[in-house]
Amino acid sequence: MSETLTVRIGETREEFVHALIDFIQGPLFARHGVGAERIDAFTPLFETGIIDSLGIIDLLAFVERTTGAPVPMRMVDMRFFGTIDRIAHTFWNEARTG
Amino acid sequence: MIVRWQESRPTRAGEDLRALDDVDRRIRSLAMSFGAREVQYPVLISREALERAEYREAFPHLLMTVCHPASSDPQPPTGYAALGTDHGAWCLSPAVCYHTYAQVAGQELDAPSVVTARGRCFRAEGETTPGVRQIEFEMREVVCLGPAGTIEMFANAAQSAVEMVAAEIGLQGVWQAAEDPFFLPAASGKALLQRLLKLKVEYQWPGPGGLALASVNRHGTFFGRRFNITTPDGQPVHSACVAVGLDRWAHHAVVGRE
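Chains as they are written, first to last, in the numbering used here: chain A, 38 to 135; chain B, 507 to 764.
By construction, these hints were calculated from the structure, which means they are not laboratory data.
Check the hints yourself; a few may be wrong.
[As the list claims (entries may be wrong)] Restricting the straight-line Cα-Cα distance to at most 16 Å, the calculated cross-link-like pairs of lysine to aspartate or glutamate (EDC-like) are: (1) B/Lys704 with A/Asp95; (2) B/Lys704 with A/Glu84; (3) B/Lys696 with A/Asp89; (4) B/Lys704 with B/Glu685; (5) B/Lys696 with A/Glu84; (6) B/Lys696 with B/Glu563; (7) B/Lys696 with A/Glu48; (8) B/Lys696 with A/Asp114; (9) B/Lys706 with A/Glu84; (10) B/Lys706 with A/Asp122; (11) B/Lys706 with B/Asp686; (12) B/Lys704 with A/Asp89; (13) B/Lys704 with B/Glu658.
[To be verified] Here are a few chain B residues that sit away from chain A, every Cβ distance over 12 Å (derived from the structure): (14) Ser514; (15) Ala519; (16) Arg531; (17) Thr635; (18) Ala697; (19) Pro738.
By construction, the Cβ of each residue, glycine as well, lies at the ideal position given by its N, Cα and C atoms.
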């Protein structure tokens, strides 16, 4: 998904949240045939099937590209990935603190 | 334990055999506490049933087929070609629970159903270690079919019950989120989703390698849809199964006593 290549994590956590929302509602939904679903930072991403087994790979790749660090398997957990807010809380902070 | 490397599974006798049966008796008792109906399934399973379950797509590297040497085919296919849909009607059961879904295929279940069975299973493991990873092994499974709420209660209760039985025989494992060993890289998303949603949790031996002693698997409506099994309101049933590897339990129980 070349659309993700130029995205950076952003100066603030809010920018990262917006980048995630734009990515999921844009390229990710388009690629996986999801309709005009609107999401926010607190929308459950997986329990309702908004993101499926193909989408999760793209989402992980996006997080890795924007933070510049691999996502360890132990972090593939609902505590860190359940919503955009949790993703931002975990990975933006981690990227900032190195 | 008597071990011959030519064997697909260690021959058991004496204490080893008693240890295996003792583990099964305890897990069977656990199943009965959930109101399970006990059944005995055959060793072979129809290729059609496994294909309906998408087993061949997900785990072609583990599937073992049954060949007939006197086949009219002068050059029967080998390797992955032998997995072709037009070759052979039977496979060796890779797990117990596929029989359960096949048996109730196309049915409407008017109440939740719990089934348990002890069965021989076969997987084409690349590397084997007796008592740990074998081509042939025995599993006791408890399968529950019904509405989502029932399945969730069953899965949670079964997890606690497995832990209790393990403690009774001195096994102390740890529950870990896990995923199935899907063959194709394209299925890696399925594996990630399994891990993320904790659809599969394993009770792992706390040594290196995270060897699974048991697993609790939540399938959602996957098998309900694949086998057209419905609830009275016409919705696909949810399902979950608990799988206990009897050889591993017996092996580690014996090792633990030594």
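Right, here's what the structure says about each hint:
1. Of the supplied pair hints, the one linking B/Lys704 and A/Asp95 is violated, its CA atoms being roughly 20 Å apart against a limit of 16 Å.
2. At roughly 11 Å between alpha-carbon atoms, B/Lys704 and A/Glu84 fall within 16 Å of each other, so this suggested pair holds.
3. For the hint linking B/Lys696 to A/Asp89, the alpha-carbon distance of about 8 Å falls within 16 Å, and the restraint holds.
4. Proximity of B/Lys704 to B/Glu685 is assessed by CA-CA distance (about 9 Å); at most 16 Å being required, the pair is judged to hold.
5. In summary, the hint linking B/Lys696 to A/Glu84 is supported, as the alpha carbons are separated by about 14 Å, within the 16 Å threshold.
6. With a CA separation close to 12 Å, the supplied pair B/Lys696 and B/Glu563 stays within the 16 Å bound.
7. Distance check on the hinted pair: B/Lys696 and A/Glu48 sit about 33 Å apart at the alpha-carbon level, beyond 16 Å; violated.
8. Only pairs whose Cα atoms come within 16 Å are accepted, and B/Lys696 paired with A/Asp114 is accepted, the gap being roughly 14 Å.
9. For the suggested pair B/Lys706 and A/Glu84, the alpha carbons sit about 15 Å apart, so the restraint of at most 16 Å is met.
10. With a C-alpha separation of about 25 Å, the suggested pairing of B/Lys706 with A/Asp122 is violated against the 16 Å cut-off.
11. The suggested pairing of B/Lys706 with B/Asp686 holds, with an alpha-carbon distance near 8 Å, which does not exceed 16 Å.
12. About 14 Å separates the Cα atoms of B/Lys704 and A/Asp89, which keeps this hinted pair within 16 Å; it holds.
13. Under the criterion of a C-alpha separation no larger than 16 Å, the hint pairing B/Lys704 with B/Glu658 is consistent with the structure, at around 12 Å.
14. Remark: the non-interface label on B/Ser514 is consistent with the geometry, its nearest Cβ contact in chain A lying 32 Å away (cut-off 12 Å).
15. Look at B/Ala519: its CB is around 41 Å from the nearest CB on chain A, clear of 12 Å, so calling it non-interface holds up.
16. Annotated as non-interface, B/Arg531 keeps its C-beta farther than 12 Å from every C-beta of chain A; the closest such distance is 36 Å.
17. Against chain A, the non-interface label of B/Thr635 holds: every CB pair exceeds 12 Å, the least being about 24 Å.
18. A beta-carbon of chain A is positioned within 12 Å of the beta-carbon of B/Ala697; the least distance is around 8 Å.
19. Here B/Pro738 stays apart from chain A, with its beta-carbon at least about 24 Å from theirs, past the 12 Å limit.
The structure is inconsistent with the numbered hints 1, 7, 10 and 18, although it conforms to all the rest.
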